[in-house]
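Enquirer: Could you build the full structure based on these sequences and the hints that come with them?
Single-letter residue listing:
Number of protein chains: 2
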Amino acid sequence: MSLSDGEGLALALEEARAGRAEGGIPIGAALIADGKILAVGRNRRVQLGSSIRHGETDCLENAGRLPATVYRQATIVTTLSPCDMCTGAILLYGIPRVVIGENRTFLGGEDLLRARGVEVVVLDDPSCTAMMTDFIADEPALWNEDIGE
Amino acid sequence: MSLSDGEGLALALEEARAGRAEGGIPIGAALIADGKILAVGRNRRVQLGSSIRHGETDCLENAGRLPATVYRQATIVTTLSPCDMCTGAILLYGIPRVVIGENRTFLGGEDLLRARGVEVVVLDDPSCTAMMTDFIADEPALWNEDIGE
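Sequence order for the protein chains is A and B.
Mind the numbering: the first sequence is residues 1 to 149 in UniProt numbering, read in order.
Mind the numbering: the second sequence is residues 1 to 149 in UniProt numbering, read in order.
These are calculated hints, taken from the structure and not from any lab test.
When chains are identical, the list treats them as one kind, so a pair holds in a single copy or across two.
Quick list of in silico lysine to any residue cross-link-like pairs, SDA-like style, CA-CA up to 25 Å: (1) K36 with L11; (2) K36 with R97; (3) K36 with E7; (4) K36 with G148; (5) K36 with V120; (6) K36 with A18; (7) K36 with G49; (8) K36 with E149; (9) K36 with D5; (10) K36 with S2; (11) K36 with G64; (12) K36 with S50; (13) K36 with T75; (14) K36 with E145; (15) K36 with P67.
Expert: As structure tokens, this is what we get:
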């Protein structure tokens, strides 16, 4: 039985919420191939003192070293439009499909992904938008740090 | 006293060679600001079983959480032209200057960096090229894995 995009997003959202509960930045991701979850991840800037563990990159790190053939049939689901770094990680591994919870609070590299042939699906999920809107209002300095501003 | 690009590259090359001695992929990086080294790093795919610790991202991770103002006056030096992920990390943090040891064995996101206003300096260093040429000949499968192929 294959996971739907909505089920993938529910897992990513659960990661994001777990991150916020840890005092972190609420962005989560899930890597799916062949209808199965390969890994989930969440932004761990605060938790690990990390500048590179965004939702998507943490997810890719948790998935471990995978053959190119796996990435090439995968979907990565993320609660928020991917930043330049995460966009680049998706391109590096040739992941052909990205499902995005929302891009209202932050618009990342969607145009570059599309230009390089990646399918980009934006679900415009109100729970994702509300979560980020609340977070940005509560922790503007932390949010700006995470996007290099 | 400020570090020259060549001195930065020597540090990155030392990291790359240490990585190869560990059985890893010989790519190293150094982050420099205000003429001082903030961090060095090296590809640690093999050493950490990592899909995201490239030379540049490992260096950024080792540098820790830095204020945007520090990145904005920094130079990142890398032994090899940066892949899509590392290109994206440089863009995320607004690092304005990238010094590259060589781009003969792999050409990464240099055009995108330039298009986004980053100064890209290619030193075309024969030691960097020889190191990567030898590595790719010795470990083609590992190299392809690292670039998602």
